[in-house]
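So you can see what is in the structure, the chains are spelled out below.
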Amino acid sequence: MSTTDNSGGGPRRTSVFDIRVVIASLLGLFGVIILFMGFFGTSDADLERADGTNLNLWTGAGLLVAAAVFVVWGQLRPVRPDEEAPEEDTGDQHTGDDTEQR
Amino acid sequence: MTVLAQADLRLDAGFWDYTLIAIYFVFVLGIGLMARYAVSNSLDFFLSGRSLPAWVTGLAFISANLGAIEIIGMSANGAQYGMPTMHYFWIGAVPAMLFLGVVMMPFYYGSKVRSVPEFMLRRFSSPAHLVNAISFALAQVLIAGINLYLLATLVNVLLGWPITVSVVVAAAIVLSYITLGGLSAAIYNEVLQFFVIVAALFPLTMVALQRVGGWDGLVSRIEQQTGSGAQTGAWPGSELAGFDSSVLSVIGIVFGLGFVLSFGYWTTNFVEVQRAMASKSMSSARRTPIIGAFPKMFIPFIVVIPGMIAGVLVPELARYKQTQSAQTGVDYNDALLLLIRDLLPNGMLGLAISGLLASFMAGMAANVSSFNTVFSYDIWQRYVVKDRDDAYYLRVGRVVTVLATVAAIGTAAIAATYSNLMDYLQQLFSFFNAPLFATFILGMFWKRMTPAAGWTGLVAGTLAAVTVFIMSETGLVGLPGQGTAFVAAGAAFVVDIAVSVAVTAVTAPKAEAELVGLVYSLTPRESFYDPRDEGQAWYQRPTLMAGIALALIIILNVAFA
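Residue numbers (full-length UniProt numbering), protein chains in the order written: chain A, 1 to 102; chain B, 1 to 561.
Do not take every clue at face value.
Stated by the list, open to error - Stretch by stretch, here's where chain B covers chain A in the computed footprint (C-beta under 8 Å, at least three residues): (1) 21-35; (2) 39-48; (3) 59-66.
Rather than coming from a laboratory, the hints here were simulated on the basis of the structure.
We put the beta carbon where it would ideally sit given N, CA and C, even for glycine.
All chains, please: the whole structure from these sequences, using the hints.
What follows is the structure in structure tokens.
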């Protein structure tokens, strides 16, 4: 997320750290491993416990979709490090940010 | 060590499960390292330089509360009481979160205070400030201890690690990312944790529902088991409140839990408010708790419902629910873990364990990160070593983080003596938070209220709660369930108001000029209604979004009554 200096604490480095990239990477990595477990590591006993549902397969696919959503969101509304609005920045630069998790 | 240890809960974690857990921890520490580069002064460390967007602080707002106590405690309550547990979210959280965003946040954010106790200082005086800062700091160390203890027990039971080893490892991990990245590291990890928790619990809930025959299957099995419909609808919740009468129960839940306890917790607890203070504008600060309210109202579906399902689906737990017998080797706190053991295959298992560890650590991290802010700014800088440069207080913050973690290891032992963690926590909340809300709300809306009334009201209210608690412990008043906490909170609230009003009548108020930005009637309206809201999209308007959240809550309460 952009770090604009709006606190009067003197000049500061501006980082372009985007938590969405981190979330997408983690969910994606988890998704790949769990999907792989769904294809190769799920025994008949596992299937029976879940009433025939291959839980790993579904969860892995779901995680990959979630990761993709974060990637797309990050592409559509990238973090802009140097917005001209140190004190009065209204959240407009992240318009749309808060709709995703609802 | 009675919480989880008796049952045979050892999970059959395999290579890939451990791989998932390891990957998760690499990310946790990586966030700490990355956040490190954004820390160049104490405001960065303690309040993320007030720079975060609203969706991040909004998710952190609820995630900070989604610790061990919430996950284990609420699924336990789900197994024991059923649907009335939903009140902890729908009645006991969301309305207060909306109130915080709409009414109180302009004072907190607009006055540029760095902590909730600092608000007490500006509005009242040093005694009120000190009472608040010390009681908050103590509570945080206690709760951090509970989180750490639960984390260690979980690792011990699930994976077989010795308790001491897991305590030290978990404490070391939390310590390293908070000392590195401060509040930003805590907040970013809370956001990450939120998604891991949902990714773990949502599939668990789906498969558990499928096994139990859907919602209808769950309802009919619980009704069959308990012989009534009391656990399958949210109201009146007599068992939960501990009152036989339905009317008293509804009053107890709405006023005790919904008003006094929850408003006290959500609107004055610095762990929560700190997340909003870290956001980048007034509008973002106000939206923080409001954005958080939306996931908050749906979280119980993946926490409470699995607990309820475990109560009928897991044979040992169903037997325990009917007999209350220790011979079953399980109790309600095991509900979620038993369900994970019985339903999840390897792979999902690793995800679930990561999610639980994530939640336990984030809970503790939230306690530690708010503790070090209050201790450094409000106790150390204010009363002990004043007027040093900013770099000094940043160093203090890092050292205090280490000390707090060590103290939490000590308080973990206190948590071990209580089997029902929710009861224990409710007691803590009523001691510290219920009178706080009374003092804040009076102070914000009544300019006449004096500095002396600020601290005497707080002390009297806290003592009232302690008195009710002692009377209940010694058997003078008998209320099962959460009734004692509700009554204690109510007593604290009433006594606080009464004492504050009485003391105000005989002492001198502060000059009005000192109260601008802190008291409603003395604060210009421009600072309440952000003119920039005009140009914002509808979903960025705090009041409108709060209205939508409130409507949803009413719908949920009616739909699941």
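To see whether the hints hold, each was checked on the structure:
Counting residues of the region 21-35 of chain A whose CB falls under 8 Å from any CB of chain B gives 9; the rule of at least 3 is met. For the region 39-48 of chain A, the stated coverage by chain B holds: 4 residues have a C-beta nearer than 8 Å to a C-beta of that chain, and at least 3 were required. Counting residues of the region 59-66 of chain A whose beta carbon lies closer than 8 Å to any beta carbon of chain B gives 5, which meets the minimum of three for the stated coverage.
The structure agrees with every numbered hint stated previously.
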